[in-house]
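Colleague: Kindly generate the complete structure, drawing on both the sequences and the hints.
Protein sequences, first through last, are from chains C, G and V.
The numbers in my numbering rise by one with no breaks, and the one at position 26 of the first sequence is 26.
Position in the second sequence (first residue = 1) + 1000 = my numbering.
Position in the third sequence (first residue = 1) + 2000 = my numbering.
Keep in mind the hints are simulated off the structure, nothing from the lab.
Note that the structure is predicted; figures quoted are calculated from it, not measured.
By construction, the Cβ of each residue, glycine as well, lies at the ideal position given by its N, Cα and C atoms.
Be a bit skeptical, because a hint or two may be false.
Cross-link-like lysine-lysine pairs, in silico, PhoX-like; alpha carbons within 25 Å at most [what the hints assert, rightly or not]: (1) G:Lys1128 with C:Lys45; (2) G:Lys1165 with G:Lys1124; (3) G:Lys1124 with V:Lys2037; (4) G:Lys1083 with C:Lys24.
Simulated restraints on C-beta separations [as the list claims (entries may be wrong)]: (5) V:Val2010 with G:Glu1022: 25 to 33 Å; (6) G:Arg1007 with V:Arg2052: 53 to 61 Å; (7) V:Asp2023 with G:Gln1010: 39 to 47 Å; (8) V:Ala2024 with C:Leu28: 27 to 35 Å; (9) C:Leu28 with G:Phe1019: 30 to 38 Å; (10) V:Met2013 with G:Glu1031: 30 to 38 Å; (11) V:Ile2008 with G:Glu1031: 21 to 29 Å; (12) V:Leu2030 with G:Lys1053: 33 to 41 Å.
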Amino acid sequence: RAHLRALGQTTRLERSTLEQVRAKIAFLRAQTKEASEAKAFDFDKRLASIRD
Amino acid sequence: MANTTVRGAQAIHGQNPQFLVETVIRNRIYESAYWKEHCFALTAESLIDPAIKLRAIGGVYGNQKPTEFLCLLLKLLQIQPEKEILLEYLQADEFKYLRALAAVYIRMTFRAVDVYEILEPLLKDYRKLRYRDQSGYYLTYMDEFVDQLLNEERVCDLILPRISKRAVLEENGELAPRQSRLLAAMEGKDEEKTRG
Amino acid sequence: KEKEEEVIDVDDMDGLDPLAEFDAWRLRELARIKRDKEAEIAREEEREEVERRRALPEEQRM
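Modeller: Below is the structure:
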């Protein structure tokens, strides 16, 4: 711990903000977007088809 | 230090949140290579990367080795992200293992009413999940896993904190009866039949 | 150092057979609804039983 302090670092963890988390997820999401949309559409369509 | 709970953390169910994972398993996690190499200094943001790379849920396997899933869960208990952050994890539905991780954390730390209100909608998520235990891998589903979280005392080799039964909360007027989308769809069908 | 070489023989890929996956969910959901309904009926019966016993005169209650 002492050597970290000497390097000017702290052992205290930074807390991520909600904004950081949102941005991160949005970024990761963009990479897999199409697949998810197809799936959500599918579910609603199936539920609707139960009525037929 | 590496294994201490974040400063300013709230006690959960009257104790240090990390104690929600029993001591033997907790120590196994602290000793594990995955914990030391991949969980050190993770934040609520950087934890997302390993969480979406998870390939299974589960507790311990083999010779009492903790799964990566369990390691990340302990990490969450340690850093105690805000409630809103957990909801973000949960809503990112592309990442089913991140969602499963958030679901266990929510079950372990949120108020009973919130647990039901937040987790029950996931009972319609029928995606596959790998579950790893002593005997190997087997297949389960998000809805089945969430149902276990809501109804069983032990999941992933964790003793879940007690929560009030749904029926009790309903009687106290704290919770509305559960609406199943399937039931609603089927009732809609019946109505159409009687009309036609 | 021992490198863990693991074989995962369980496939968790979704959407391979969407209809079957949905149908399997439907059966699981129905089983849950049935289970919860039965639990509710059991609670109801228990409550009625308690009330019935309470209504009995003291000497018959044993």
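Colleague: Determine for every hint whether it applies to the structure shown.
Modeller: Taking the hints in turn, this is what the structure says about them:
no. : hint                                 : in the structure
1   : G:Lys1128 with C:Lys45               : 20 Å, holds
2   : G:Lys1165 with G:Lys1124             : 20 Å, holds
3   : G:Lys1124 with V:Lys2037             : 18 Å, holds
4   : G:Lys1083 with C:Lys24               : 17 Å, holds
5   : V:Val2010 with G:Glu1022: 25 to 33 Å : 27 Å, holds
6   : G:Arg1007 with V:Arg2052: 53 to 61 Å : 57 Å, holds
7   : V:Asp2023 with G:Gln1010: 39 to 47 Å : 43 Å, holds
8   : V:Ala2024 with C:Leu28: 27 to 35 Å   : 28 Å, holds
9   : C:Leu28 with G:Phe1019: 30 to 38 Å   : 32 Å, holds
10  : V:Met2013 with G:Glu1031: 30 to 38 Å : 33 Å, holds
11  : V:Ile2008 with G:Glu1031: 21 to 29 Å : 24 Å, holds
12  : V:Leu2030 with G:Lys1053: 33 to 41 Å : 34 Å, holds
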